[in-house]
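Start from chain H and add chain B according to the hints.
If you read the protein sequences in the order shown, they are chains H and B. Using the working numbering, the final residue of the first sequence is 426, and nothing's skipped along the way. Using the working numbering, the final residue of the second sequence is 1426, and nothing's skipped along the way.
Derived from the structure by calculation, the hints contain no laboratory data. Do not rely on the hints blindly, as some may be mistaken.
Said to hold, decoys possible - Label-pair distances were calculated between CB atoms; the ranges are:
1) SER1351/B - ARG194/H: 38 to 44 Å
2) GLU1163/B - TRP74/H: 17 to 23 Å
3) GLU1163/B - GLU298/H: 40 to 46 Å
4) PRO1119/B - GLY334/H: 36 to 42 Å
Virtual Cβ for every residue (Gly too), placed ideally from N, Cα, C.
Number of protein chains: 2
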Amino acid sequence: MGQGDYRILHEADLRAYLAGLPDLKGLLGGEPAAWAITEVGDGNLNLVFIVKGARGGIAVKQALPYVRLVGESWPLPLSRAHYEYLALSRQAQLAPGLVPAVLHHDEALALTVMELLEPHIIMRKGLVAATRYPRFVDDITTFMARTLFFTSDLALSAAEKKEAIAAFAGNHALCKITEDLIFTDPYRIAEQNRWTAPYLDGLAASLRDDLELHVAVSRLKLKFMASPEALIHGDLHTGSIMVTDSQTRVIDPEFAFYGPMGFDVGAVLANLLMAYFASAGHERTPGERHAFEGWVLETVEQVWNQFARKFLDLWRAGAAGDAYPRSLFPGEKGAARLEAERQATMQRLFSDAVGFAAAKIIRRIFGLAHNIDFELIEDAKKRAVSEARAVRLARAMMAEPGTFSVIADVTAAARNLRDWMPELSG
Amino acid sequence: MGQGDYRILHEADLRAYLAGLPDLKGLLGGEPAAWAITEVGDGNLNLVFIVKGARGGIAVKQALPYVRLVGESWPLPLSRAHYEYLALSRQAQLAPGLVPAVLHHDEALALTVMELLEPHIIMRKGLVAATRYPRFVDDITTFMARTLFFTSDLALSAAEKKEAIAAFAGNHALCKITEDLIFTDPYRIAEQNRWTAPYLDGLAASLRDDLELHVAVSRLKLKFMASPEALIHGDLHTGSIMVTDSQTRVIDPEFAFYGPMGFDVGAVLANLLMAYFASAGHERTPGERHAFEGWVLETVEQVWNQFARKFLDLWRAGAAGDAYPRSLFPGEKGAARLEAERQATMQRLFSDAVGFAAAKIIRRIFGLAHNIDFELIEDAKKRAVSEARAVRLARAMMAEPGTFSVIADVTAAARNLRDWMPELSG
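For reference, chain H alone in the conformation it holds in the complex (with noise of 0.2 Å):
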């Protein structure tokens, strides 16, 4: 990986270094001395820099050898980069138009240039703002479906599928992360845990002794380290999505490895309902959000349907990979068995991104990393409230995985605790 050629970039190193590639130096435009270099990255992990030139904007990713959140204590390889690299250019391939375009990929520097998305901003934080994206279900479900089925046993050989898993097992450092952050920390007593305190020490306690639980989330980190299904993104929450009122991307891949399907059906579920439980901490006069509200429920349910269907649909436009092979299921009645299994792989995918949905949710509460939905809340009370509304479902869902057999369950019992009041420690 060349990691002996590595140097952290900084302004003068970039603008040198960009200098010197006459694509970019091009698409730039004008003299390198002129070029606005800043650094936005506000995620946890790597350096972002935006390059904007007389004629144009690229912006710049490079990772760190440690995790940005945490610092220099906590190593992290820069090999991340080539399998961020590797994940975009797969999906770019299978969703076009629905990542960035790779621009440069330098492996020794673990640094990718992209284009500049603007005006695009983070869904997240237009979530916060009660921003409703109207494009936002037809694009992530296009995205999930295509990017999972056309890296899953239905449209690979197995011999492909083998390979393309041995291709992403060394990114198992990013595996780790989640293994550790998602499906064990928030259930036991660790340093780097935080929630808000004094109000959910009390659920917090509640969780660690919650053995049912304990079962359900390693059942989960299981199936998330053993069942290479597809291809996934392996970090699809609303920080990882740049949207407008008419484009929506995904950015961010560097978790991506052959996992559960599930997993990044789960994640988007996840951060809707988690912006649909921190809305009430965000209204300044009751009802307010009412409307984005209803959207973001009904973006629940259509993320899930719609994403069931495009899938469905791709199978049964043609499945060319070594599973449930067609020849097995001939003429009329052949059709109509296998279709009926379809359903019934939809139906276990369904309770798969239940569960992780529900992992996701629990870790932004009480784990390390939490997310700017509840954390922009100020009065924490307020916060906790919105906090220990998520958790109530998010409990039932992991671990009564079958009081929910279809996504307007998941909605309904949203519903139900939109204005449930908790009873908070302190």
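Relative to chain H, chain B alone:
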């Protein structure tokens, strides 16, 4: 893989080759010209030589670039010798004394030299002759429990596990044989299928029309392709086991890869069940093999029960892997809840093993590769009767898994079919 240096070794080449390896030359003893070299390969894929010198003997296995059973029209990569060597080495660490010692490996020649197993015979031959093997249950269950547990997520970190999966990903040509010949072809018209015609013509047709079975076998196929639970042997039938009264050796792991644990366990159960049903076809006087048949069914029960006990004991003794972290199950209550989950895990594994066992039975009766348990029954009608009984059990095991919740359900069903008279075609 240095395939450029590969050449098929004939007797004279092999003699010269071995003479050039001081350790092996010393082990064999005497003049190379005096060594007795015999080609004894009776498997489907490779050349196997036994070489005996004045002092000792060795077994030499060389992969051919095609499927021996079919010929040069069916090429097969030599790299399988590499994966076999890799698997043998790992199994030797994990289950010492239960695989042949590797004395030499030559990657370019796709050749492995092993200790000569003498006076061991292929277990399947012994079973045809109604021989009982008192060490078998203890040895095979130790082999399976240890090789499966210690390569699973219960014993490995997620990083180690992913690297191990990747190390075997290239063995997909061998997996493909299983995918096609076990999980697909027997259920559709395929040129290479054969069965005891005309007696089983009707049964063959009914399997091709049995859509419930096609769904069940397709689920098993997908599990085989995309559930890398542990390093499995991949071909653990009674022709891959060499035995004496006091020793058991598992050979030929060239199909090894990271797959579902139930596939290995199911293979052992399936081959014992076939020995049981074939037994009636080998008796010269009614009831003469009664005691042997009782031993076989008792062995079926013990294989599962002792495997499950040993696997559980390893798990209880201290699982260092990333799955089911102990820290989530503290105290007595935690320990009890984890123990219940262990039992539930074994129940899921049992269910997998029952399904895979069924697939292994059906492929030996309707697919390309048959076995001598049935093939040595000269009277075709008698053979068809034995086979039809086995298929009736296998059909139930695959399509009605809920009716088999403990291993005694399987042996009871087998016992009930011992004298059942099927309707034959022709």
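Consistency of the hints with the structure:
1. SER1351/B - ARG194/H: 38 to 44 Å: holds (41 Å)
2. GLU1163/B - TRP74/H: 17 to 23 Å: holds (21 Å)
3. GLU1163/B - GLU298/H: 40 to 46 Å: Holds - the Cβ-Cβ distance for GLU1163/B and GLU298/H, about 44 Å, lies within 40 to 46 Å.
4. PRO1119/B - GLY334/H: 36 to 42 Å: violated (51 Å)
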